[in-house]
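*Asks:* Chains A and B, in that order, give the protein sequences. Start counting the first sequence at 0; every next residue gets the next number (numbering that gives the first Met the number 0). Start counting the second sequence at 0; every next residue gets the next number (numbering that gives the first Met the number 0).
Just so you know, these hints were derived from the structure itself, not from any lab. C-beta atoms are modelled at their ideal positions from N, C-alpha and C, and glycine is treated no differently. One thing to keep in mind: the hints can contain errors.
Some chain B residues close to chain A (C-beta under 7 Å, calculated; not the full set) [unchecked claim]: (1) TRP348; (2) GLU696; (3) VAL697; (4) LEU704; (5) ALA707.
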Amino acid sequence: MLSLGSGGGKPVKPSFVSYVTPEEIKSTERETSRKEKHPDLLPGEVVFCSTNPVLKYTQDDVSQRGIFGTLVCTNFRIAFVSDEAPSEEQAQLFKNKLYGENDIPLTCVDHIYGGYDEKKKLITGGLVRNKYPSKIIIHCKDLRVFQFSLTYAKEEEAKKIFQGIIHHSLEPKSLKCIFAFSYCEKATATPEIHRTPRTVMFDTVEDWTQEMKRTKGNCKVVSANENFSLSQKLPQFFIMPTAVLDEDMTKFEGKGLPIWCWSHHSGCALFKTASLPLMQEDGYSQAYKIYMERMLNAVAQTHLYSVKTEELSDTLPTIQDIQQSYSRFKQFFLIDNTTEFWLSDMKWFSSLENSGWLDIIRQCLQKAVEVVECLEKENTNVLIMEEAGSDLCCVISSLVQLMLDPYCRTLAGFQSLVQKEWVAGGHSFLDRCNHVHQKDKEQFQSPVFLLFLECVWQLLQQHGPAFQFSETYLTVLSDSVHVPVFGTFLFNSPYHRATVMKNDSPQTQRGPLNCPEVWDWSLQFERKAQDLFTNPLYAEKPKQDKGARRTYRPKHQRQLSLPSSAFKTPPKKGFFKEETDSLKKMLRVKRISRWLHSPDSAQASTREFYEAWQRKPLDYHSLILPCLDGPAMRVWMQRYLRWIHEVQIFGGGAITVMSKLADLVGEVQELRRELERQACRADSNHQRAAASHRSSVRLSSSFPFATSRVWSFKPAIPTSLLQSLMITGGLADQDDEDGETLGVV
Amino acid sequence: MLTGSKTTFKVRQIVPDMKERILSHGGLHTRGRDMFGLRCLPGECVLQRAVLVRKKLSAREGGGWLAGTLFCTHFRVAFVPQDSQKPDDNADPVLLGDHDVALASIEKVVAVGPSRTKLVTPNSSLKFTPEELVLYCRDLRVICFLFDRLTPETQAVEITYSIAKTYQPLKPGTILSFQNAALGSVEMKQFLSNRRHDAQMNWFESVTDWERELERTGATGWRVSAVNDRFEMATSLPRFNVVPQKVLDTELKKTFAHFNEGRIPRWCWRHPRGSDLLRTASFQNNIYHEKDDIRNLEALLFGGQQQCVVVELAEEMPTPADIQLAHTRLRALCLGDISASVSVPDDKWLSTLEASRWLDHARCCLKKAAEVSCLLRGGHMTVILQEQEDRDMNCVVSSLVQVMCDPYCRTVPGFQGLVQKEWVMAGHRFLSRANYHRDSDKEEAPVFLLFLDCVWQLWAQYPSRFQLTGDYLLALHDSFHLPLFSTFLSNCQRERSRRSQRLSQSYTPVNGWREVLPQDPSQDPVDPPLPPVWDWALQYSCQRRARFTHPVAQSSAPQPVLNGNLNTNPDTHKSQLSDGTLGSVFLLSRGTFSSPSHLLPWRNGGGSGSYRKSHRRAPSSESLPGLERLIKTWSQSEPSKVSPNPQDPQEPLLPLLLGPCIGVWRDCYLRGALQAQAFCHPTPTSMYHPVDQLAWEVQQLRDKLALASSGHAAPTTKKQESRRPDTNLNQNTNNGTFLFSAPRPSFVTPRGLPPTSAPPRAPPPTAPLPRLANRDPSKRTFLFSHPPDSRQDQRYTPMPSTRLSKNSGPSLGS
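If we strip away everything but chain B, and leave its shape as in the complex, we get (with noise of 0.2 Å):
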């Protein structure tokens, strides 16, 4: 039957097993990366196609069905449709087209014959002829492909054979041949190592990236230290910290000891309203304070505040175990049992929802982000983020947190360096997390996916408010599952730096990818230079990445000022709370404060009050009500009285929590699910979007407008205003204060810009629209997020012959 279909498939065989079976490989031709229709990546090999195949389109994707060619090479599984346009050899290569799926996020592969299913896998044998090929993704995703009947059997069996055996299965080091499979080849690492960072986004990577950020949210009394600059005071955290100006670096190294990991109070975020966000781990209980120690911890606790708020997380938090299994069960809901292909009846879905858990936890995550915004909303104190180790929900709530208070994070560059500062750098364990390598099965859980739901949770309730979109979070979700990033592989930036020095002897922090890899690619073969995920150009088309932002965002400009001016202004709270509780230490657990006397582990330790007299330590048990109402009062008091204007980017976005008003995100969980991809209502290719309609529309009727008028010795103004209508059509629908007026900020390279100066047709007489895929990126995506159609005539319509000319079987499609 077939060659190879009885050898085991194993990693480290990949090469001599996949040689006689690949029929082409893109590393031989110089210039031809296009093989059968195929743009390969450098290197790349396929290893079988089948034509004629038939893909399932999504809703999201336009329903329905696309002919084209299906391949399988040892990165992806490509699918090119019929009529798709001759590829550019100059652009830039990306890693997955539209249609593609990488070997690594697929989870099963699931052949559908006549009569039966069954699940492939490297060593099963297929019985039949397959007339469908199913592949389940670990993001959610369902693929369906249908093989036409004019499609070689042979082809097939063979291709439902590749992918069985080349996806990756479970085992430890395959992520690795996965890697080099897609980064490897001399070609891609060089065209990597000249990938430049996005300049529009905070990297946190050196000390000025730190400073433009205490600059940015008007922080004073902070400096960035650079005492772990060798990771030898806490081997998690980065390489500079933000930390209380009065602290001397000397002082600073006596207190890593006093925490768990060594991980000391860092500075996050300034609120407006001058207090300070801070994050910690646990107190290390078992050591010796000494007095000089004591006031140096202080002095970080406090950070120049009068008052300090420990925030516990542990408690009403769920552990990374509960977040596990909440995604295990919402994955079974929305995907189904596969193999058994049982899944839940339909009028049990909500409470098999609600016993997931899945939202409960997204709501916590939520509740407590907004306690503390709320807490920080009160001004002049530092609100501290505790937390056993510091590394998992310390990262969901002070990043949720800048999310709700701070409108630049929900720009999408602000939303990016907001991951690199508090997941990334902080040191969010993904790699341990995500277990790429399958051998951390208990340390697994997607503690970022759940940070990302919940950001998704306020922006469904916010549409309005943020420049991200659905979009953006969804590809970010996508992209957690595939291993091919910097940012998700590894668990401190240690381990990161550790690695690209390996690779690259002239590595420094400052400009890190900006450096040339070493000329002889061969001194290490196995470790391609791996990019950051927010190259968004190496996985997106620029069609798909201008849906990343939508113009419909809050009234404040991408940029608001934050300069900590607003310290000064009148604030009732202030005086209630800094009279005489100077230098209190509040606890706020399951809720309630309190001030125990054993919060901080050097209280009980005897010497209390011996030092400086304006500490006074005595708990001050009347300004806890004032916390407590700090809390209450936001909730209680009318934003239109609060502020004029509620969209005031100081008040933060709470997000409502009861039941009716946490959603399902659809768009990623449930777009797999296979009854709603039967079931998805597609959208025409011939037709637009209404919203596109109606921008397209005032577009057209702007035109015109300049048109009549300049024909009457128009003013200049008017000439400009055609020339530009994009700009011009956001500013004058909403006075500047709903759409983004700024042109959209373009978070793409330069290079990874293909060429979109494409001016716009003009509207065939016969199609009611022009195709506004055709046009500027910026342009098409004037107000929402809507697909591009650019295959209007590739769909796939049976024809009558063509299921009359084979008559064997029955066709699904008739």
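With the rest of the complex left out, here is chain A (with noise of 0.2 Å):
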């Protein structure tokens, strides 16, 4: 055990950990630790530097004590070896296979701090060559806080990791230099396990056809993209209404070609198109306006001759409120300074509220809620434009499809929802998460598909019986974006990865390169892990009766869909802009956003869908749809507060039941398997083998991330008295003295 306090002349505080001092370590143990550890290299990793010892803080920076170690900086991650051989005690039901707990992929640091003496700076690359801090504090994209001193270390050395782990981490690099370029080169291609059902890329044509004839939706699949000759934000396979000519294809690069998303099993569907400029000035706008009401007159034909359309960027935040929102929401979780967390306590509920960031999932939520309503009670079309096309078009598109098709909510549901919506949509992964650190592109960061992920964990927290996939896999899922392995994550579109892929491909003689999917889990867990991602409260579809459920079905639609057809709605004020206004009695075509100029109708007419809804009884297997109301919001507590080790409740908290739960559904497999084995053996003993049960006594809150408790020095009686505490902080040390063999209780 090798870990100290330095308090500043002061002598060493009692601590569950050791007592050494710096002096003593340097004289005696540094000498053993003298070979620096490495950790286990992945394929294709390449150490850069290293420095040996590095004192990594607990997370407390008061208390100044830690563990020595090696920090490593490689082309994957910052890593930190301790010099202590690992405790056997936890094992780590847990861990990801790529990195460890104290390691941090570098496209994972979201800023890094020097802490100058007392001062602490915000580093941005490329500043700092002389001077190099005592200190390092690293924040992650997955919230975890990492806090090192480097004063151990050589001058030089210390030196010199700390500007490899700037260099690497924050300054601007190639596309090239991520760390999946070279994994995937030196990593031996491994048999791909696919479990049933598997997930849909969505990079075929089948894999179209099928998902269209899944929704039985009654569009054309296009393939005139293959060679992205179309557009090169378009994916190679898409669909679209059949009533779009094919020369209308060609014209604006794709812009403005409706997109099918998803086919209500009313005929209706989903639709989603990058937006044209209507309002330009000159003889353009003639153009996009007649091309446009070819567009939405080919979506109209779909189904009923009914379409709305919604511009999503008139309603909802702009990607930049959501980076700005996002980053006031994350400072709160974000503590190098357990004090800070402290203190910023007491105004806890409205320094949430005041970051807005609960605010825009409602938003969202709202909107879906929105354009299922159309789909579901009033049987239109809908078309939703955005500028782009590909980020909140993809948020609403995804969340609408969440609350109507049960497909989606199941685990190959959702990863086939999220390739088609966001991977095949031409998300811009690569510079909504900036993995490369351009600085011309920082405006265009932004968390939409954490803000996506919010969304879902909303609805799972309300429903949880159906998801199949827990509010851990979710978890899981968002730290993943950050872990510069999955080609998932990495490319702006279909065609940014089929040029860079294929520009790679003729130096390494190999084919195509293949990165590999985020969605082979077990490049990251074990399976024991993975059994953490399923929702042991899952009420599965009861098979036998599906084909009842069949006949039964179209009734059930007639009664959810009060008026069935469009003729029969009861006209409601809409807001149309003037272009679209000789359409309005054409096509009969509305805009969503009707609550702008009229509050109350869209209210009564949100509710009264409400009611209908929630008038039938509730199938886990049919629509959902979320409550939305001030205290319906909340903290994704397991994200967020996973690693705050001062808001875990030992032995408590909602995963003792989830565990209590699990058990039981292992029993319940256990049972069967014994009654199978009963029925083949009939004349076998009865060994009933006892189900190795978790035990929930040890589980922390935050389980399953951090299963270990590390306690804080802190107490856990908060406020007033730990106040009062800091300020007879001199007594207390005094006491320390007098009493060191009461430390250790």
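Each of the two chains sits in its own frame; use the hints to bring them together as a complex.
*Replies:* Take a look at the structure:
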């Protein structure tokens, strides 16, 4: 055990770790620990530099305690290897196979601060050349915070590692430098063990045809873009209304083309498009208008000749808003100084509110509900538009499908959905995440995908049994975005991916590179850990009445969508732009965002819709709607609070209940197996293997992420008592001298 | 229009005014308590009814609608679902059915018309036919009834009037008439007087009750004193108090004068490590302290221990006024301003919540209780909670400490005993604080509700370590708003026993309610006997009572042995604290310890140090840090290192109090929120909660297994198992560590148990599950509470024909 307290001349505080002073370290143990330990490198991983000894502080900066070890910077991660032997006690169930708990993938670094004496300075790459700080504080995108002290290392080495870390994690680099490329060059292609049913990747015509068949859509699969000749934004294959003429497709580089997302069982469908700038002044605008009208016409012909359009950027926050709000929000959880957290505590709720993040989530869900209402109740086609058609369009269209389509709530279905709407849909993951730290791309950075996951989490929270995957799955998925191994989140569009891969292949002479997909979870987690991805409460669809359900369904539909045809819907006041005014008469085009001008009617209609939905018995395998009012929006505790020791409830929290449920499921399976065995060998002695249950006793509320509880050195009793303790800190120190033996209880 | 619409409602005129309106009178029939399908209490009058009414169900009840008939009696608003089972005439009367609301808990009646909303008061007249009737209740429920188009319009109007006129307006004296309406009939009085005390819980009414508690906690050196038997020494104190053994009654008598209201330091509880928890009012400073008095006082404070920490509660804790203000704000936030129908915008919800400061107050109480728990853990001292009057925050903190430290207090009987001990007997001013009579507006403060909220916070953080559930806390919360229970209708034990003495000449404290009332009930027609709130069978059906406990609780048995043996355990703190600090008194105030000379009033008065040597009076500041360490070390040390089992019953359940860990009691405060109710996610009647499903599946598989093995000369044990699948299930699932392995303790009085032994039905071939509700309730609530759905087919679905048949007016449902 090698840890120490350096309390600025003060005697070492008693702790359960160790009592070795820095001086002792230098004289005795330094030599033995001289041989630096290196992490187990992944294929293709190269060590740039490493330093020993580096002190990694425990989270509490006041105590100044920590563990010594080696800090290593590789082309994949910043790794800290403890000098101590890894404690066997933590049989880490949820260990990530790619990076350990003290490793930070380079793309996961959010901010780096340098600690100069008592000051803390944000380091923005390039600036620091001569002076290196005594302390590095790293904020990660998965909300971990690390603090390393460089004062014990040799000056040269410390300088080197500091500059190395800054250089590799903050400075602009080319996409090729991202670890995924060296990884998949070297990694032996593991035989892909696909679980059944596998994730649909949507990179072939068959996938799209299959998806359309599944939802019974009646549009056409277009393969004109196979070589990206049509548009660089669109995927190779996509689906459009049958009425769109081939000649129209080539205009405007695919902008304005209504891309099919999903078909409702009533026949109406959801489309998304990158909108054309309708407001332009010159001659273009007329052409745009005509073009747009034709497109709308085509969409409308899909079903009952009705369509509603929705310009998302009018009513939803911009991607910059999202970014700003999120960076305000995450500050509450990125704490390198627990005192800050204690102080923020008094204003907790209002500061959460001021960040506006929860409100953005609410707005997205609200918008999705409106679209759902159009599809489900009014049975009109919906066309959602946005400038690029690949940010909020993805959020809304995916949410709509989650609410309407039970398949999307299964594990495979959700992965296919992300693949369809986000990866094939051309969400610019690279720009939004800014993996390569390009200065000019900073304005495009925005956690849109995370916003989507947040919305899903809210749905999951409210309708647990409707989802096959668990909260843990979502948390892990949100972390994986920042692991630079998976091709899923590395590119801006299918075109981008194809070009990067193609350029790469001639050099390696090995055919196109194949980055692993994030969906291959076995790369990251053991089989057992993956069990935590499934929701023990998931109400599986009863299989036996599948046939019965088919016959039953049409009846269900009719009851569900009260005025079934568009002609019966009472005319509602809508808000139209002037250009589409003619369309209004012709096509009954309506904008969804009615409430802008007639809030009452929209409120009332949404309410009516909710009530109609509510009146039916809840079926977890049909439509689910989120509750949107103030108290319903919650903080994703698991994601945001998992690393903060102060808020871990040891032996408590919802996880005790969940693990109990998981045990119960295990018991059911065990009994089933037993029953089968009984059936086979009827004469066997009855021996029930006691199912090995996870003891919920030892779980903390942030299981599975922080299984071991590292106790902070702040009392569990906050606020006034804390303050008074800090005021009387002198007294406390004094008594530490007196009663050293008492420290270890 | 309406006959009685212009007469102003007056309480005392209730009988003559109502006579003409009464449709049917329960008392008139000897057998037939059943009127129009409503099972009335004896003497209950049905004033009005409306047919074809739909009740909006809350999310907890499953959401959606329920069709049935609405009644207004002069005690309650009752709703009888269409296909509900025929009531059993021989069953015990239940005050309120699952869908009923007591008139006294209604706060506002709002009628919703086609285009407008009106608050209906006893004097107002309606100018429209209500389509919807919304009842806002004091316990934060909002109940909504919808009139169908087939409901006769007169019925809709009449019942709205009836409810508006009969619900209890805020006037003095209305409580009595309400109680009379519910409990005043001969039959009911007879019935109530025959009810028996729940023997499972400790009522703290007799000497033996207190002795039982002393024995349970393993407290030695204490005795039960009956010096206050006739409430002569202190009117607000209970009849029996626990004081140090060595203080004689004659000596004790002299100490009362030194404390505010005579509330001397009394023993509450002993921590397994040997510290004692005491509570007291503040010192009376203006009297002369004689030497003998001082010795007695100190003997009271130290109670055989060598150290004494006085925890001053007044300074940091919220005052009753603060609590009242916070609760008012919370109500406004959760229910919205009803008449103005303005609610807090969604994006301002959190900051409004914060501004209400309710959560801060809850946090504050929990924090103080956590501090005290840590102190007690140190062992060998008395911790004395001191408050000016010893009747509000002392109750909160002392009972929270026990919930945190004593696993028994997390079971239903234990918790009820705790409330009985620290609130009811200790003289919390329930009557004034609840302000049922509307005559003590300044005194009103829901201190008890704040306590319930604190317990809920603990429960929400450690659900698996409680035997009681959120449903239980909710039921207690709701009962607090119902002025029917002796528990809440007096300020102290003296008032309570005076009241019952007036009722029954033969009252004796030992077996109080068991006494048969005087045969002639007309002797006292005004005051019906009031039942204690713990008689849950009066209010809740057995299905709902089954949900009060969940088998998920802490590892130790419900009755842990706290025999005080732990006192002898080697304790690191012991040596530190007892060394040379004999007889020290410390003050914990604002989170710091001190040993001020003026803490005890007689210290200044001279003469200190003149008595026994062993009581060295010099304030020993060197042991202050030792105490502070007690609070600090707990949180700094890892529980798994302190004790191998973090669920060691000795270790207090310390709540986490940071912002993100403190939650809103949604099930309670938000169940009435209009939006929440409208947007609640319904649970289908035909589908069961997955947990129920799982439990059912486990049982099915076990049965099959048993069957399979029994086919081949099964051992008898297997058969037994299949006969009692319930208990076995619990045991096997978690090796007896997680669920309660013992059969659920029944806190139901034997009489209140309806026939529950109906054999489980075989699952019908169509339904995936058997109707769990029909089975034994203890089986049904296998793991967690979930509403039993006994109304599989009663859900109202609007039929197209219904809608077509009446075209006038827009329908809400379409």
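*Asks:* Evaluate each hint against the coordinates.
*Replies:* How the hints compare with the structure:
no. : hint   : in the structure
1   : TRP348 : holds (3 Å)
2   : GLU696 : holds (5 Å)
3   : VAL697 : holds (6 Å)
4   : LEU704 : holds (6 Å)
5   : ALA707 : holds (4 Å)
Taken one by one, the earlier hints all hold for this structure without exception.
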